[in-house]
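Here is what each chain is made of, one letter per residue.
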Amino acid sequence: MKIKKEIKVDHLARIEGKAGIDVEIKDDSIDARMVVTEGPRFFEVITKNKRYEDAVAIFPRICSFCCTPHKLTPIEAVEDALDIQPSEQTKKLRELLYLGNMVESHALHLYLLVVPDYLGYSDAFEVARRGGGGMVKDGIFLKDVGAEIQTVIGSRSIHPENAIVGGFGKVPPKEKIEKIEKMAGEGLQKAVDAVEFFAEYEYPSYVNGSRRHLSIKPYEGYGVYGNEIISSDGHSFKIEDYKEHLNEEVASYSFAKRGKFMGEPYTVGAISRLVNNSALITGKAKELIEKYREFVNPENCFANNFAQAIEMVYFLERIKELASELHDIKDESIAKPERNSGDGYAVTEAPRGMLIYYMGIEDGIVKNVDVITPTAMFLPMMEVDISSMAKGLWEDGYQDREFIGKKIEMVARSYDPCISCSVHVTRL
Amino acid sequence: MESDNVYGLYKCRILRVYSLTEEEKLFLLRFEDSDIAESWSFIPGQFVQVALPGVGEIPISICSSPMRKGFFELCIKKVGKVTDMIHKLQPGDFVGIRGPYGNGFPMHEFENSDILLIAAGIGMVPLRSVFMYAVDNRWKFGNITVINSARYGNKLLFRKELEAMRDIAEAENIKIIQTVTRDPEWEGRVGRAQEHIGDANTDPENSYVAVCGPPTAYRSIFNKLIEAGYDPRKIYVTLERRMKCGVGKCGHCIAGSSTFLKYICIDGPVFGYYDIISTPGLI
Amino acid sequence: MKIGIHGLTSCYGCQLSMAVVKRILDISEKFDIKYFYMLSSAGKIEHVDVAFVEGSVSTEEDEKELKMIRENADVLVAIGSCAIHGGVQGILFNENVEYEEAFRTVYGNRDMEYEGRIAQPIDKFVKVDYRLPGCPPEEEEIMYYLATFAIGSWPEEKDYPVCAECRRAGNPCILIEKGEPCLGPVTVAGCDARCIKYNIPCIGCRGPVPDVSWFDSLAMTFKEKGMDREYVKKRMAIFASRYEGLNEMIDKIYGD
Amino acid sequence: MRYLKLGSGNIDRFLERISNYGELYAPQKISEKFYDYRKVDDIEKVEFNYNRTITPAKKYFIPPKQEMFEFDIEEGEYEETLGEVKPFVLFGLHACSIVALRILDGVYLNEYPDKYYAARREAGIIIGISCLPDEYCFCNLRRTDFVDVGFDLFLHELPDGYLIRVGSERGHRIVDENMDIFENVDNEDIENFKKFEKKRHEMFRYEGSFDNLRYMLELTENSPLWEEESEKCLGCGNCTMTCPTCRCYDVQDLPDIDGKHGKRIRFWDSCQFRSHGLVAGGHNFRETKKDRFINRYVCKNAYFYPLGTSYCVGCGNCTYFCPAGIDFLKNLMKIRDVIGAVHGE
Ligand SMILES: Cc1cc2nc3c(=O)[nH]c(=O)nc-3n(C[C@H](O)[C@H](O)[C@H](O)COP(=O)(O)OP(=O)(O)OC[C@H]3O[C@@H](n4cnc5c(N)ncnc54)[C@H](O)[C@@H]3O)c2cc1C
Ligand code: SF4
Ligand code: SF4
Ligand code: SF4
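Protein chains in written order, with numbering that gives the first Met the number 0: chain A, 0 to 427; chain B, 0 to 282; chain C, 0 to 255; chain D, 0 to 344.
Any given hint might turn out to be false.
[Unchecked claim] Cut-off 30 Å, straight-line C-alpha distance, at most; resulting in silico cross-link-like pairs (DSSO-like, lysine-lysine):
(1) C:Lys21 with C:Lys1
(2) A:Lys136 with C:Lys157
(3) B:Lys77 with C:Lys126
(4) A:Lys169 with C:Lys232
(5) D:Lys329 with C:Lys224
(6) C:Lys21 with D:Lys44
(7) D:Lys44 with C:Lys157
(8) A:Lys178 with D:Lys4
(9) D:Lys32 with A:Lys335
(10) D:Lys44 with D:Lys194
(11) B:Lys76 with B:Lys87
(12) D:Lys64 with D:Lys32
(13) B:Lys80 with C:Lys224
(14) C:Lys222 with C:Lys233
(15) A:Lys169 with C:Lys157
(16) D:Lys114 with B:Lys10
(17) D:Lys197 with D:Lys329
(18) C:Lys251 with C:Lys157
(19) A:Lys7 with C:Lys224
(20) C:Lys21 with D:Lys64
(21) C:Lys157 with D:Lys64
(22) D:Lys58 with A:Lys169
(23) A:Lys335 with C:Lys222
[As the list claims (entries may be wrong)] Short, incomplete list of chain B residues facing chain C, as computed with Cβ under 8 Å:
(24) Gly53
(25) Val54
(26) Lys80
(27) Met84
Just so you know, these hints were derived from the structure itself, not from any lab. What you are looking at is a predicted structure, and each value in this text was computed from that prediction instead of being measured. For glycine and all other residues, C-beta sits at the position ideal for the given N, C-alpha and C.
Chain A on its own, in the form it takes in the complex (with noise of 0.2 Å):
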């Protein structure tokens, strides 16, 4: 007789959005699948038709904990579509803008969402009541250097407004770029901690398999720009091209869409980026990574926990670099279009992945938009985990579907999944 069992974690609690997770687990085989309830937000429906400047003041609105990205990158769609070219100096506040998301949104996640996990508590304010205060205070404290920096630079650091086509209506004082380089600072040490409290956990061992790993190739070091998609198995192609080789499918129980590469599920985030491209990383963070080298596992996502905080040292000191190299800031004006038409490509690294703009606009009006989204690449890759951890699980003979639905759970987590990203729409 075959009994049907179910193991099912209605809501996902500490991930940004609205998620469940169900697993069938029959005789022969297991079946898992990640069930988006979040409502569908048609972003590609609402920015078409207006002006460009507005499209990418709405983008941020998929998400908040990526929104930065959401429009930096439209922002370089544009860009790329009208031939605008900013000035190194608008280059490099972006990259501190986009870095101060990164380290703020990896903060969140590892401290708030992903330690209470570790510690076995319910959320980061019972870790604080529980003695764990010192440590929490250090997430809050790393997470308010990337918000500052978000506020100084983009205006406030959940929708920055200061970020525009062409540059930024206003350029931050230089003492407040003074600021953030003493604040990165006095960052840096805590993220080592970090590191130091997730190369004390092994990966389980359930999960451990083999997968493809695609990030860009940065334009510059360890960067989150480029126009170059690569994978860790030696493919490669330039982000115009990207329709070719990325595919999104739709399944009956979500919202969001779901990525497949060469008809295969594969992973991006701080974990793929560390498998393909750390060797362009330096400093504290090259340490850490050569001292704790088992770590940076390709076959296991609860890796990527600990790349993201290898990255937090990395980008920290990358800060602090970006901001030296401007205290002479000044005023600039806003660089303009030399065209009013045309198709714009690009591809950035947000904190949970690639993250894939296409804009098409006719007379400064946008027309076509499509929007890839790290979440809705790495799901088909994190349903296969979240299946082989409650293989394992149950096959070793553990029967406390609790305690099963608890591990997937940390499966899931350990994607950093956004799913008001994932949902918020694309073309097929």
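Once you've looked at the hints, dock chains B, C and D with the ligands against the given chain A.
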């Protein structure tokens, strides 16, 4: 009361709380500082600013007699943020008070004349102070009539207090008329306050009239009074506006027109009949 | 005091802004947080004194959850533009795009187990006691709202536009000076005119001033500055798609 | 009155010297077209030829947002938070701005003096400067184009410097302590001063008296003008915020989340906002946008008896800074014509 900051508040302790109606409560208060409590004085028709830290500050008319030293009463209707919180207070609790503010009724002018008081709804609150003052100084005034009106019987403010006075009032030439406009259960008089002016014991030729109620009622009350022969120069009303300071600064209570621009808080709240009719916007 | 913090369909920015206020740890001590799924796996929907709800109603599930939240809360506060006005996703409503059409454009000819909807503000379904506007709300206002509830009172909502704060802040007016399409005059204050401080014309992210947003007068001003109807309409509708009479007000100025 | 001359060569020195008397604030260019008072960290940036600032000088005496008290909720105690106000120097006010401050004095220093305002007024040294009107100015009609009191020093432009009038004891002291940078006024200076004044008077757009306006306003309550003009109005409050004599404020208590402490603040309000005339129970004394629109015209044209001027000093700010382009002066002129037409019929 001495303070170098006009917005400075003095602690007052709530001594008693009575529920008058579902929405109105009467609070008996005393300044914590006994020097202030004993020396503090006011004129009927004046108001105080009542403050609750964290919630806000509002103007409230004093409704007790100024003759009663050391204590004063406020009758407060629960209508919003501050008044809601005040209604939660118990005897022993504190509020901040500053004032008294406003001009008040010209009680000295009223002396040796009859007094007709016409109240609609919450309008009875400031008029109670006038009434109590007149009763406390009974020998200074002629006949007195109070017309207290409300929509429903159970909304008539100070109804029981006025009823209880009936016998003694009769002996003292005080007439108390209580009337309601919408209450089918009510067994007493019905109709709007102005419809009972004819029943007052006051002599139109030698009376002062004080009116308080919703501004929309004023014109019709004026017409009835003048019809009945009352002297327009001796008719007074009190007005209400939003107010933040009570001392002519915040600008919210400015009313009137270009030739007669007044602060309700310091030029009023009591205004004469001719001020009202010659100034668009005042009511 | 027991509180719950909930999210329907949105970018989760309002919850995030609540999660990252500087004094979040003080809040967690002062208030008994019964529900905050973004930050905590403890908690189910149970009776609370105040429930904060972010996001628009965009699925059946959203509606069910919202009603459950309402039944269990003494006071319900709508936070952010999505909950109060339907959010940017509400633009579809203003542009008369049917759900089916939007869905097909995006997901193709597929059937879903879940039914989505055109986003709606939460007061279309339940009674909302207070509104905490913003996209996302400002830290200062979040703290103010929480504090007034903590002392047993309630917050005073703002009823005036961003311009007032723009002047208080000492900014130059970019609508007058540069003729840029600033929506400050019709957008409810509370952000201290942040964007204008950065020389960016307000896009109205906090939503219209309740009941007294003069889109018609502003359209008149915009028209005089040479902006065309389509542009004005689209820009005004980003955060105000559900403002009553919006399209009519604009049409009145531009003629039919 | 005592008159002195400041030669062109000594102007910078003058600014440096006056900054010894307190933090110096002066008009500066803040954007392409606009000026505003700002703290002076570079005297090069001080603007001598400007027409109007986007925030009036009132901001130094009634700050846009100001803390009044800190309170303790449990104890019911209030503690004033005025603190010490350091002396400051406000340079570059035009005559109308100085009259405006005197009007505010009438409000804030009446029988219930406002301590917060008084302290700032006491601490502020006022240095006026002459100006040439633009098309928005009508201080001449308001009789505020020249001031005798209300300043410590007043500078009148000359081709080769400034003629200075000394307006207060404090002004005398400043002059006495810095005699090395001043000269005596000679006949040529007086001639130049006259020329400047003549030129200035010829530049005003209108001439005559405006006083009958108060009656006209009351009589035209039903003029279609109000309907038409208030249609354009955005209800944004820019006119009142930029008006040097508008000073309505709102008060709010901000409790702390600890539920124990908090502060009481006040901040600029405007009669153009709906809640300005709203009272509990929902009645609004200025229900419609038109009511609120008219209110400002009525209020500004009322008389401020102590000075024999109206509350409006004719600075033109409310027109210049109206995003909807509503012309206050033009409307007032129309109101007078409307009346004329009525009589003409
Ligand atoms: C001179 C005068 C005397 C008054 N006497 C009494 C009285 O004796 N008894 C009584 O019950 N009421 C009286 N009122 C009305 C009372 O002030 C309001 O009911 C009260 O301010 C409502 O405050 P709230 O916070 O409860 O209401 P909300 O509606 O929540 O008001 C919020 C804020 O608006 C302001 N506000 C609202 N309505 C008024 C108003 N009518 N007047 C002034 N400010 C207002 C207050 O500053 C308050 O903080 C008087 C008003 C005035 C002007
Ligand atoms: S810039 Fe915008 S918000 Fe500021 S005053 Fe002008 S119109 Fe209003
Ligand atoms: S200025 Fe406008 S767009 Fe900017 S934060 Fe304020 S309301 Fe939002
Ligand atoms: S009403 Fe207008 S012109 Fe008159 S003082 Fe105020 S801002 Fe100046």
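Verification of the hints:
| no. | hint | verdict |
| --- | --- | --- |
| 1 | C:Lys21 with C:Lys1 | 20 Å, holds |
| 2 | A:Lys136 with C:Lys157 | 33 Å, violated |
| 3 | B:Lys77 with C:Lys126 | 22 Å, holds |
| 4 | A:Lys169 with C:Lys232 | 27 Å, holds |
| 5 | D:Lys329 with C:Lys224 | 21 Å, holds |
| 6 | C:Lys21 with D:Lys44 | 38 Å, violated |
| 7 | D:Lys44 with C:Lys157 | 37 Å, violated |
| 8 | A:Lys178 with D:Lys4 | 47 Å, violated |
| 9 | D:Lys32 with A:Lys335 | 22 Å, holds |
| 10 | D:Lys44 with D:Lys194 | 28 Å, holds |
| 11 | B:Lys76 with B:Lys87 | 12 Å, holds |
| 12 | D:Lys64 with D:Lys32 | 26 Å, holds |
| 13 | B:Lys80 with C:Lys224 | 43 Å, violated |
| 14 | C:Lys222 with C:Lys233 | 14 Å, holds |
| 15 | A:Lys169 with C:Lys157 | 28 Å, holds |
| 16 | D:Lys114 with B:Lys10 | 20 Å, holds |
| 17 | D:Lys197 with D:Lys329 | 25 Å, holds |
| 18 | C:Lys251 with C:Lys157 | 28 Å, holds |
| 19 | A:Lys7 with C:Lys224 | 58 Å, violated |
| 20 | C:Lys21 with D:Lys64 | 22 Å, holds |
| 21 | C:Lys157 with D:Lys64 | 15 Å, holds |
| 22 | D:Lys58 with A:Lys169 | 25 Å, holds |
| 23 | A:Lys335 with C:Lys222 | 24 Å, holds |
| 24 | Gly53 | 5 Å, holds |
| 25 | Val54 | 5 Å, holds |
| 26 | Lys80 | 6 Å, holds |
| 27 | Met84 | 6 Å, holds |
Hints 2, 6, 7, 8, 13, 19, counting from the list given before, are not met by this structure.
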